[in-house]
Every structure is written in structure tokens, then in C-alpha cells.
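Read top to bottom, the protein sequences are chains A and B.
The working numbering runs 3 ahead of the 1-based position in the first sequence.
To convert, note that position 9 of the second sequence is -11 in the working numbering; the numbers rise steadily by one, no gaps.
Fair warning: there could be bad hints in the mix.
Capping the alpha-carbon separation at 27 Å, the derived lysine-lysine pairs in DSS-like fashion look like this [as the list claims (entries may be wrong)]:
no., chain 1, residue 1, chain 2, residue 2
1, B, K(-2), B, K(-14)
2, A, K89, A, K106
3, A, K132, B, K(-14)
4, B, K148, B, K(-17)
5, A, K193, A, K211
6, A, K52, A, K89
7, A, K211, A, K52
8, A, K259, A, K247
9, B, K(-14), B, K148
10, A, K165, B, K17
11, A, K132, A, K193
12, B, K(-5), A, K132
13, A, K165, B, K(-2)
14, A, K132, B, K(-2)
15, A, K193, A, K165
16, B, K203, B, K156
17, B, K17, A, K132
18, B, K17, B, K(-17)
Label-pair distances were calculated between CB atoms; the ranges are [unchecked claim]:
no., chain 1, residue 1, chain 2, residue 2, range
19, B, K(-5), A, M4, 53 to 63 Å
20, A, P57, B, D157, 47 to 57 Å
21, B, W87, A, D203, 51 to 61 Å
Note that these hints are calculated values from the structure, not bench results.
Predicted model only: the values in this text are computed from it and were never measured.
In this text, a Cβ means the ideal position worked out from N, Cα and C, and glycines have one as well.
In case you want the letters, here they are:
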Amino acid sequence: MAAMTPFCREIRRNILMASRSSGHGHIPTSFSVVEMICAAYETLQHDPKNPQWPERDIFILSKGHAALGFYAVLAHHGYFPVEELKTFGAFQSRLGCHPDRLKVPGVEVSTGSLGHGIGVATGMALAFKIAGSPRRVVTVIGDGEANEGSVWESMMIAANLKLHNLTVMLDFNHSQVRSLQIPNPADRFKAFCCDTLEVDGHDLEALKTALAKPAETVKAVVARTVKGCGCPTLANHVFEWHRKSPKPEELEHLMKELEAA
Amino acid sequence: MRKQFKDTTSELAMKDDKVVIVLGDISHFLFMPLQEKFPTRVYNMGICENALISVAAGLSAQGFHPFVHTINPFITERCVEHIKDDLCYNQFGANIVSTGASFDYAWDGATHHCYGELAILRLLPGMEVTQPGNRQELDTLIRSQYNNGRPTYFRLSDHGHTLDVPVKFGRANILKDAGSKLTIMTAGPILGNVMEAVQDLPVNLVYFSTIKPIDREVIARFKHTRILVVHDAHGLQEAIHEVPDLSVSYHGLPDRFCVWYGTVHDIRKQIGLDPAGIRQAVQSRLAAIR
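If we strip away everything but chain B, and leave its shape as in the complex, we get (with noise of 0.2 Å):
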């Protein structure tokens, strides 16, 4: 997605002469042939994420479009308060740009693994929230959000799913309606093993790539089943409670470091998020309601 993310970008520079980009060292030999066209407007600004996001914040109140980008936890958890008071308390927009998605470097230890910061930053009045699941829906997803002048987070991963879903930004795809007292839900890159697992079995799936605005309206068609949330993150399980009286289980995350290094994969696996260990619960799930 980080292609993806510098081709969208570097077309919006195009034709935008408000859109800045802002790296915190990384992305930079990505970006340099659009810092070569645009010296002005093409920074690697160094490894001090808190003062990126605040500087975003500055070249917002002037009326750029800024885009902040760098790894993970660094720009996001690192970073929480900055995006509180910089963007969202004061309203300037600003595209928050993360790479390394949850279990992305894996092999790098528990310092780069980042999945609770979409539970996080939609707690942020005036925050969008989004987890594109691979490189077309990012591309939408920026497009259509990046001048707003709303502080918006996108969430880049090296491993994107490989279906192709019409995402839109705040709505939901009901990818399968199978009319089941089951409704797996679920959102970002984890679509693909979610699809592998599920597909021949009796069960509704919709699926996320905005995590805030939740779209309320898809969630409440299925009230009336009971729901299964998977996801290699915290954010979009909370995010589903905010309509009253649904009946929801998670498999996803648990309650420690993941540190067995290797990759995302054998993260997945190990935490029972590869096909298998996703079938393997939404089976059991189907089996406890009959």
C-alpha cells in the first residue's frame, strides 16, 4: 500500500499545490522523485513524531493539505495527545498516514506492533478513522477524504487483501447476505483470510474499511443475529457497540505481547487469525447457536 499511497499522493501534488507531505525518515527514498518536482512541499522532517503532527497542524490553519506519515506506533500512539489538542481539539485537518499494521514487522518485537491505536483515535471528537484493505481502497478512500479539513487516519499494511470490494468512506459492504443467524464482521487487510475461512459456510459478512463514522445503518440490518467481530485490532469491535442491544463476540487479539517474532503470518496463525483458526471459530460460533 505504501506505492500505492505515494502514487495517490504524488497525483494529488499534481494537481493540488496544497498538498505537503511530511515524513517522519521514512518513505523517503519513495517520495523523492515527488520532493525533486515539489522541493517545497516534499519534507523529511526527522524522527520527532510529536512535532510532526503539530507542524501538520500549522500548515492546516494556513489552509494546506498536509499528510504525515510514519511507522505505526510512532505517529499514532506515540502521538495521541498532539492529534488530540494540534487537530482535533483546534479542528485543523490533517491525513495521518501509518505504515506497519499490526503485525506487519512482526519479526521486530512488540515496540513495532501497532493494533490498538484505531481504538484509540476514535475516541478523538472530529477523528475519521479508516483501514483500508488494500491498495484500490486506499486509493479511493484518500481521494475522497484528504482536503476535508477534518483530521483523517489511514492506515497502510504490506499486506493487502486481493479482493475487490467498492469501498466508500463511512459505509459498510455487505459482501454476503445468507439470510444466517450469524454475521461475521469484520475490516482492513484480514478480509482475505476472513473470506478464505467462510465462504462456503451459512453466515452473513460485512466489512469495514471505516472505523469512525461507523456506519451505524449496516450494523443495525443485522441486529437481530448474533455477531462475530474478527479483526487483528482493537477499534472496530467498539466502534460496532455504538448501536444499543447487539449480541457481539470478538476473536481477534489477546491480552498479551505477541512477540514470537517471524512474520504476520505466523503471527496470525499462532493467534488463531490465519483461515483455519478463523473457521475453526466461526464454526464453533454456528455450533453454539443451532
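Extracted from the complex, chain A is given alone in its bound form (with noise of 0.2 Å):
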């Protein structure tokens, strides 16, 4: 696995800090998706700025439940303050545990439920095709929302319309290890005729690499991830770590963990 960037650990530190004071947050799976979200926003044309700017590809977080993780990278890119990561969740706040559009700035599509966020991209996809413009689109779905049939009709519409401008990055973290698990999704990417690519989750600039790479048709990124990487006390403990707060004590072993990562 890639030695974890200063930035990508800054960015854990605040899942930790955020999950710890407001009491809310899935943190393991907010840590698995840290490097792809940091790719995406590396790699796609965005104005912190200007949210709204005409011209900005899209990134859309389909497994909302990661929404603390995409909330970080989201602030530390600008798009509003890091303070503001400590009222997640909490009366009022913008910040809930699933992401909202309306509230976010830099959030394209109000996600929660899983098996929608890829379908509303593939029909983002397909705008910009009919349009003739050059923007692109990027989301990030669980492997445990890849159990979801909305998943599947969305990519078969997309291969079928040969999105080339649509990314969708599986992140490969094993949840469903408790359930109904896909073995390989590579293979099954491939048998929907996506052009198909797997990469360590984890590095940064082989994400980047993946997500620039040109494709002929709707490309797929499975990222090999480990929930909660960076702690081991989460990544061994991920059952018991799926949606938890880590009391004070915890938290100051985990950031230990983390700092040693």
C-alpha cells in the first residue's frame, strides 16, 4: 500500500476530530474513501470560489454515508471553513450525515439512499454529451451499494451510450464481506463493457493517473481500499467501528495511530 500523503493524513485527523465533537459519523469508510475523493478533486476542473461555475466537472458521492470524508476534502479545498466540521450532524447545521446539495456548497447531488447517485450521474454524463461539452463527470459508489440493481441499470446505460466522460470509482473496501459480496468486481465491470481499471485505493497518484487516463467508454476505477485505513484499532474493528464516535480516550489512540501511519 502508498505511504499516506501529509494532506490525505490532515484530512483523517479532521474526520476524527469532527466524528469525536459532534458525536456522529462512519468513520471507517470515511477513511476509506479519503484518497479517491482527494484524486477526484485533484484531477476535475472546480472553483471553490464559484461553486456554481458553468464550466466545473462533477463529482457525486453515491455512497452518501462517507459524506464526513467528502465534507474534509470539500473544506480543505475551500468550499467552506474546516471549523465548520464540527457541527456534523448537529440541529441546524448544514452538515448532515448524508450530504444535501442545497445546503453544501460543492455538493452537486443529495445523496443517502444507496443506488442513486451513479444513476443521476449517468444522466449528467449524458447532458454534457448532448451538449457537445468537454466536462466530466466522477462518482464514487460503495461496495456494498454495488449490491444495489439501480447500480447495474445505470452502468448498462451508460456502456450501452458509450459515456466516456462518466468515471465510476468502486471503493473495493470489503464491507460486504458480511453479506452479499462480488467477488471480483473487476470481471463484472468488464462483462457490463466498461472500460475497466484497478488500482490501490490508497495511492493518491495512481487514482489521479486513473481518473485522467482517456477512456472509449463509461470507465471503471475499482480502488483496493481498507476500511478505516490509517488506525488499525478501526480497519481490525470495522463492525464494531461502522458508525461510532470515539470517546476522548479513543480518539487520542487513534490519532497516535494515525500519526504512525
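Put the two chains together into one complex, using the hints given.
Shown next as C-alpha cells:
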């Protein structure tokens, strides 16, 4: 696995602190997507000072329960103050436990229920194709989310329409070992006629290279990730930590693990 | 009404390059001429209704006015959560156009019957719900609402009524104000049977082509009367109750699957929604009031 960059470590620190101060958060899943979202925001055209810039590319977190990781990246890019992360999930906060596009600058689609963001992403990519626009769409889905039939309906549509401007990144963090696992998602995407790549989902440069690679049709990037990446306590106890906020002593321990990663 | 849907949207597509047609493998042959003219704006996307709604949301998010079209229960009841989240919650507009109202496909059995979607969709915040009664009404309502940025539902039927009602979105039509203590309220194609049943009876008659927003003002005008809702679907009765303190009864669907096959006319007769059955229900209500 690639070494964690200082920026991605800082994002994870913010996730932990926000979860501690708010009492909310899917920390392990937020940790597994950090590099994927960072890679997207370092590759796509966007302007934090003008979130509605008409020429921007689109990022959609289809697995909306990783919102805390998403918010931390948006905040560090300047979409809103990092300090605001502490309000995560609080009454009257903009930052719900799933992202709301009408509240949070930089959020393009409100997600939460699984299997929705990818279809909306497909529609946006089709819109850009119809308009002859060079804009592109990147969405992150979870491997649990890939249990949803609507994910594969969307992939069939995107492949049939050869939406080369759409990239679907799969957070392959093996969350579905507990139920309906897709043993080899790259084969599954290939069978759906996607231009398929497989990379280390914690290797920022490899992810950026994969995102930048031109495609003939919809691109699927299978990102091999670890739930709770950076903190062995999280990675080794994913069920206990699935949706849990750390106590003060736990936060201290997790921070130490993160510094050592 | 399907042909009118094609005619109206085809005309709109000629004038408005933001119109996109998304078909769920229904009416494809009908739309082939338009597809030949605008291959990038007419798609027979496949039998995957949930994704079709999401795709429509994405098209809308980027400024297009999508029409998503297939058979009623598949694009409405099957897709409720996609309509709720991807369209209503996100505030992305789209036009959902179903075909096969209530018992239009009587012969196909309950999987193809659809009479609950008006009631379901009206519960979704921001959703507009229409039930045009015939081709002219459909044309008027589509032209009025298709590009307003809100999710709008249009319910097509193969059995429109033949009356000429000047409808307007969100407004009810008072077809008969006899000063009666009994007001019949109805919506959509069943108006034909209702009118035949009550035209010589001393009742008021109010017609709705929009279920949401419901015309509260007109309902309130008849608040002092007993109201009998005659409808071959759910949704109108519930919407009427937005006006408080009404006295409403319902003549319509039984609490069972109406699996007798045959035609829509056979089913209507079986459940008392043919002209004779409606007349009997209205006369019975009139007698009770007197």
C-alpha cells in the first residue's frame, strides 16, 4: 500500500475530530474513500470560490454515508471553513450525516439511499454529451452499494451510450464480506462493457493517473481500499466502528495510530 | 392520449432543444420519427425504470427538460424512492409520463393495473400531479408545465372522455352548479361516465385535472354541501381533504385486486363505475341527504 500523504493524513485527523465533537460519523468508510475523493478534486476542473462555475466538472458521492470524508476534502479545498466540520450532524448545521446539495457548497447531488447517485451521474454525463461539452462526471460508489440493482441498470445505460465522460470509482473495501460480496468487481465491470482499471485505492498518484486516462466508454476504477485505513483499531474492528464516535481516550489512541501510519 | 403525448412533445422538441425523451422500451415506434430527427434527444433507454428516473434527474440538473415514459406501475409505484430522492429532494425537475391508467390493461391482471400512484406521488414534497382526462387536456397541461423545473406527473389513458373542458393547471372546473346539497367531485377520464350518470340529476359537478396542487378555493366553495368523490383511482379523495371540515364520501375502488380481465369497461361495470353504477350511487346519496 502507498504511503499516506500529509494532506490525506490531515483529512483523516479532521474526520476523527469532527466525529468526536459531533458524536456522529461512519469513520471507517470515510477513511477508505479519502484518497479517492482527494484524487478527484485534484483532477477535476472546479472552483471552490465559485461552486456553480458553469464549466466545472462534477463529483458525486453516491455512497453518501461517507459524507464526513467528503466534507473534510471540500473544506480543505475552501468550499466552507474547516472549523464548520465540528457541526457535523448537529441541529441546524449545513453538514448532515448524508450530503445535501441545497445546503453544502460543492455538493452536486443529495445522496444517502444507495444506488441513486450513480444514476444521476449517468444522466449528467449524458447531458454533457448531448451538449457537446467537455465536462466530465466522477462518482464514488461502495461495494455494499453495488448490491443495488439500480447500480447495474445505470452501468448498462452508461456503457450502451458509451459515456466516456463518466468515471465510476468503486470503493472496494470488502464491507460486503458480511453479506452479498462481489468477489471480483473488475470482472463484473468488464462484463458490463466498462473500460475497467484496478488500482490501490490509497495510492493518490495511481488514482489520479487512472482518472486522467482517456476512455472510449464509461470508465470503472476498482479501488482496492481498507475500511479505516490509517488506524489499525478501525481497520481491525470495522463492525464495532461502523457508525460510532470515539470517546476522548479513543480519539487520542486513534490519533497516535494515524500519526504512525 | 399516447399519440397526443408524442405530437405535443415532438412539437416542443422542435422549438426547444432542451427537450429530451427517455423511453423505457414503450412507445418506441411512436417516437421513431422524432428519434430520426433528433437522435441525441430521443432514447429508448431500456427496461430499467429506477435508473431512468435517476438519469432524468441528471439531465434536469444540467438544464434539460426530460420526459420519462413507460407503463404506469413500473415508472411510478416501482420508482417511488427514486422520484422522492433524485427528483423531489434534490429539486431536479422532470416530466414523468405513464401509460395504462387504472384498468386500461384490465386483461393483463393486477401487475399492470395502477390506481394508487396519484395518491402516492402527491405525498412527495414539490411534486406536481396531473390526471388529464383527454388529449386536449394533456396537450394543455404539458405545454403549461414541462419546463418549470419541478417534477411533474402526467397520467395518460387510452380511454379519455369526449367532453370539452377548458382545463388549467392547478384549477378545478365547475361543470355544474345546481345549488344542490350534493356535490360530485371527479377527475380524469372517468368524467365521461360521471357526466352521463348525473347530467339530469340535481347535483353540482366539479372536475379536477390536477391532483396536486389541488384547487382548495373551488373545494371550499362547496364546503357547505355533502361531497361525493367518484374516482377510479386513489388520490383525489385524499387531496380534497386538504380543505378541513368537509363531509366527504367515496364511490370508487374496492379493497381488493380487480382481476377479472376483460376490458376497462368490464371492470368499471363490475365495481359500479359504469354510468349506471355511478348513477345508482349518486341517487342513493341524494336520497340519504333528503
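Among all the numbered hints in the text so far, which are the ones the structure does not match? none
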